[in-house]
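Assemble the whole structure, with the sequences as input and the hints as a guide.
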Amino acid sequence: MTQPLQPLTFQKGLRDGIPICLGYLSVSFAFGMMATEGGLPVWIAVLISMTNLTSAGQFAGTALIISGGMYIEIAVTTFVINIRYMLMSLSLSQKVDDRMTLPQRLGLSFGVTDEIFAVAMQQKGLINARYLTGLILTPYFGWALGTFLGAAATGVLPLAVRTALGIAIYGMFIAIIVPPSTKSRPILLTVIVAAVLSCLFHYVPVFGGLSSGWIIIICAVAASALAALKFPVTEEEEREVAA
Amino acid sequence: MNYPKILIAVAVMAVVTYLPRMLPLAVFRKKINNRFVKSFLAYVPFAVLSAMTFPEILASTACLWSALAGLITALILAYFNRGLLTVALGSVGVVFLTETILRCCGIL
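These protein sequence lines map, in sequence, to chains W and Y.
Take the first sequence: its letter number 113 is residue 113 in the working numbering, and every next letter is one higher.
Take the second sequence: its letter number 79 is residue 79 in the working numbering, and every next letter is one higher.
Hint data in this document are derived by calculation from the structure and do not stem from the laboratory.
Yeah, the Cβ is synthetic: ideal placement off N, Cα and C, and Gly gets one too.
Watch out, some of these pointers could steer you wrong.
[To be verified] One-sided and incomplete, this derived list gives chain W residues near chain Y with beta-carbon spacing under 8 angstroms: (1) Trp43; (2) Ile65; (3) Ile83; (4) Leu90; (5) Leu157; (6) Pro180; (7) Lys183; (8) Ala195; (9) Trp214; (10) Ala220.
[As the list claims (entries may be wrong)] Take a look, some chain Y residues computed to stay more than 10 angstroms from chain W by CB distance: (11) Tyr18; (12) Leu64; (13) Trp65; (14) Gly106; (15) Ile107.
Shown next, in the form of C-alpha cells:
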C-alpha cells in the first residue's frame, strides 16, 4: 500500500480504505445479527455501529446491554478493551501534519480503529486531514452498512448460516493476533497467558460469579502487565508492535 | 424494551470509546516516557483480543466440533497472513460445511 510518489489525497484515502471496508462488512454483518438476535431493534444496532465504530468494544458492550449489565460494568469493559486506542492515537499524533487543526483532530480521532491506524502508519511521511478523512469514510460506510444488513437479515437467513456467522468476529480477532505472535515472543506470551487465564476463569467453578466483562479486564491487565515486566518494549519494538 | 436505559448505555459506550482515541491526538501532544506504561499499552490490544476469543470462540457456533474446525481454519489462515475478510469468512465457511455434514450424519 506504500506508494511514495502518490500524493496523499482524499481519493487515495477512500481507495486505501476499500480492503478494510470489505473485512468490516462481514464482521459488522455478524454484529448486526448478534444484536437483533439478542432482542435489540435494527436501528439500535446501526446506531451502536455509527456511534462506536469499534469491533471488540461494541461486541462486548452490546452483549452486556443484552444481558442487562450495569452501566459501570459496560463503561469499564468497553474502556479497558479500548485502552489500546490511546497508544494508537499517541503514535498517530506524532505522524500527522502539524497544520491539522483542533476541530479536525476532534473529528478524525473518532475514526481511529486497529485497521485504519495500521494503514495510516504505513504511509510515507506526514499524513494530512484529507487523506485520513477518506481512509476513515470507506470503512465507516462498510461498518454501518454491514450492521444494517446483518440486523435486517436475521429473520430471513436460515439458522445454519446464522450459527456459522457467529464465529466471524473471532476469526477477525485471530487474524489480528496471530501474525504478530509468530514474529514476536512477547506478543505470543501475552496472547497465550491471556487465553489460558480466560479459560481458567470460565471453566474453574470457583470463579463462577464473575461476568465476562470483568474476566476480560482481569485477564488482559494481568497478561499485559506480566509481558511488560518481562519484556519492556524498546523504541523500535514499539513501532513494530504498533504497526 | 427499556429504551432510555439502552440509549444511555449506548451513549456510555460511545463516550468511553471516543475518549481514548481523542485525548492523545487532541490534547496530549507529548510522548509517554514511562517504559512500563508504554510496554503495558503495547501489549493490551493482543491480551484483550485473546481473552475475548478464548474460550468464547468454542461456544460461538451450533456445536463444539464445528467451532473447533472453524478455530483451526482461522489459525491456519492467520498464520499464513491472510487478510481479515479471508480469515473471518474462511472460518465461517468451514463451520457451515462442518455443521452441514454433522446434520446429514444425524449427529447435530
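Here is what the structure says about each hint:
1. Of the supplied interface hints, the one on Trp43(W) is violated, with its beta-carbon coming no nearer than about 11 angstroms to a beta-carbon of chain Y, more than 8 angstroms.
2. Hint on Ile65(W) holds. Least Cβ distance to chain Y is approximately 5 angstroms, under the 8 angstroms limit.
3. Satisfaction of the interface hint for Ile83(W) is found here, the shortest Cβ-Cβ separation to chain Y being roughly 5 angstroms, below the 8 angstroms cut-off.
4. Because the beta carbon of Leu90(W) sits about 4 angstroms from the nearest beta carbon in chain Y, less than 8 angstroms, this interface hint is met.
5. This hint is violated: Leu157(W) has a C-beta 11 angstroms from the nearest C-beta of chain Y, more than the 8 angstroms allowed.
6. Nearest Cβ of chain Y to the Cβ of Pro180(W): about 7 angstroms, under the 8 angstroms cut. The hint holds.
7. Proximity of Lys183(W) to chain Y is violated relative to the hint, the smallest CB-CB distance being about 10 angstroms (cut-off 8 angstroms).
8. For Ala195(W), the interface hint holds, the least distance from its beta-carbon to any beta-carbon of chain Y being 4 angstroms, beneath 8 angstroms.
9. A hinted interface residue such as Trp214(W) counts as satisfied when its beta carbon comes closer than 8 angstroms to some beta carbon of chain Y; here the least separation is about 11 angstroms, so the hint is violated.
10. Because the closest C-beta pair between Ala220(W) and chain Y is about 4 angstroms apart, less than 8 angstroms, the hint holds.
11. Not every CB of chain W is more than 10 angstroms from the CB of Tyr18(Y) (nearest about 6 angstroms), against its label as outside the interface.
12. The beta carbon of Leu64(Y) sits about 12 angstroms from the closest Cβ of chain W, which is more than 10 angstroms, so the claim that it is off the interface holds.
13. Against chain W, the non-interface label of Trp65(Y) holds: every CB pair exceeds 10 angstroms, the least being about 12 angstroms.
14. Gly106(Y), annotated as away from the interface, keeps every beta carbon of chain W farther than 10 angstroms; the closest lies near 15 angstroms.
15. A cut-off of 10 angstroms between C-beta atoms confirms that Ile107(Y) is not in contact with chain W; the least separation is 14 angstroms.
Going through the hint list in order, the structure does not satisfy hints 1, 5, 7, 9 and 11.
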